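Turn these sequences into a full structure, and let the hints guide you.
Listed below, chain by chain, are the residues.
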Amino acid sequence: MAESRYMTINMGPQHPATHGVLRLLLELDGEIIVKAEPHIGYLHRGIEKLSESMTYPQALTLTDRLDYTSALSNNLAYCLAVEKLLDINIPKRAQYLRVLMAELQRIASHLLWVATHALDLGAMTLLFYAFRERETILEILELATGARLTPSFIRIGGLASDIPATFLPRVKAFVEDFPRRVDDYETLLTENIIWKKRTTNIAPMSAEECIRYGVTGPVLRASGVCYDVRKAYPYSSYEDFDFEIPLGSHGDVYDRYLVRLKEMRQSNRIVKQAAEKLPDGPFAAQDAPLVVPPAKEEAGRDIAALIRHFKIMQEGFRPPCGEVYASIESSKGELGFYLISDGTNKPYRMRIRPPSFINLAALPKMIEGQMVADVVAAIGSIDIVLGEIDR
Amino acid sequence: MDSCMAGDLLKETFPEAVRDIEEFRRETSITVDAGKIREVMTFLKENEKLCYDLLLDLAGVDFDDRSPRFMIAYLLHSTKFNNKLRIKTTVAEGASLDTVSDIWLAANWMEREVYDLFGIIFNNHPNLTRILLPEDFVGYPLRKDFPVKGADFDQPLQVCLEEER
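As given, the protein sequences belong to chains L and G, one line each in that order. At position 314 of the first sequence (counting the first as 1) the number is 314 in this note's numbering, and the numbers step up by one without a gap. At position 113 of the second sequence (counting the first as 1) the number is 113 in this note's numbering, and the numbers step up by one without a gap.
Keep in mind the hints are simulated off the structure, nothing from the lab. Errors might be hidden in some of the hints.
[Said to hold, decoys possible] Lysine to aspartate or glutamate pairs mimicking DMTMM-like chemistry, simulated, CA-CA at most 20 angstroms apart:
(1) 231/L to 53/G
(2) 149/G to 162/L
(3) 49/L to 65/G
(4) 149/G to 48/L
(5) 144/G to 48/L
(6) 346/L to 53/G
(7) 49/L to 64/G
(8) 172/L to 242/L
(9) 88/G to 242/L
(10) 84/G to 208/L
(11) 45/G to 208/L
(12) 92/L to 162/L
(13) 45/G to 209/L
(14) 144/G to 52/L
(15) 80/G to 209/L
(16) 231/L to 27/G
(17) 84/G to 239/L
(18) 80/G to 208/L
(19) 49/L to 152/G
(20) 365/L to 37/L
(21) 144/G to 342/L
(22) 262/L to 244/L
(23) 49/L to 145/G
(24) 365/L to 53/G
(25) 346/L to 39/G
(26) 365/L to 64/G
(27) 88/G to 46/G
(28) 346/L to 64/G
(29) 49/G to 208/L
Here the structure is a predicted model, which is why all the values come from computation and not from measurement.
Below, the structure written as structure tokens:
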């Protein structure tokens, strides 16, 4: 056998720095990566296929299991798609609460990211600080939704319930405190010489390359392209809030880090505004009795309401024939749902546009020609979640 | 530039390729001839009045009661003019479609996924292999005639190690 100059090594699928079950086949020339090939699918559960045999309200629970670090964002994207298909209007209070929760979830997701990304590169301290704040957010979300990981709280037509009285005071206490915490994280990393050496000019992507690869989210914005679904196609009343889109310039790992830290501050601003401006009113659509189940008290009092409740739970509802695409800016990038309805109570086709899947496709381009030790930094900087990639 | 403009321009440039333009819930979908897909896509990307430079999504759909059976939907976004456009085309069972993965590199993995789950062949694709499912998987799960519980639900699990192949 002819001696090859290159060595092939296998990274993952069981590897702590691949953030799940990602397998990378790396071809090395010494320590330089010549070729990288991601192998995915270890977590494939067939969510798109499963949804075709479930009613619209049932399929909502599958979306929690996509990007499990920000389940509420997935709920939101799916509900927006179904609501677009049904053409129903959501009350302002529900829209603001959706924004509030999605932004809290974004902060939680970014905290998990910054903690594990720093840990991968050897900065262990940050993990303890970031997880402390993430825990606070999860407790706040648990207070309203009853779950930490898979809330399924944002429902078609509004929310599952109104928020408890203790919710807003805790949110307000958190947003007052949080900017100071981000300052703390920055003292650990932003000017840290080791951090800068590990991240500056690592895995760079130019703006043109990002667009050619279809990359979205913080990775795209770190390369200087201002595309954020919240501004480009505002949904759920994002146009009512005042916030900025942080941009980078070099598109390297360091810029992605800066963009995400700034995004946390902006999300905090949005949460603050949503909590202050939160209007009174219903938490679910009032003009869609075939979609939104009746309140518990009503179902206990009125036999017609009880029948309606069972009909929605068992049969769901029948949206008109047609196809829609609705997307949100999740913490990873543009998360979209493309739904095709054939007029029955089950989606004919539910296509998920997962941001991590498409961003991961650009990984070989990022790391080819780089050192093998920087692969971990590059994977961390895209912030992938395998639940969403494999579906 | 709004997406209606794209429809008019496409009709002007490719009168024989544009089959249908429909609008539903403020989204425009244009159905084009499968044979002309590369010309249409290159035009949409290069034309300076349109500039659809970002391929957001590529979805396969199986309409098992229609002929041709499959539909491919491309979702495009223009970063310059900030609007979206859906291009649809149809593929018969056993027929193939030209790849757009050299026009947008993003299409590389998306087309592999459509091949993996629907069995639609993309001509001239650089690496058309299964992506989510194992290489030895039989069948295409997102086709409507594939059972949800799996084709081999009642059979014992076959284990084949890589070195035994």
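Legend entry - Earlier hints that do not hold, by number: Those not satisfied are hints 2, 6, 9, 25, 26.
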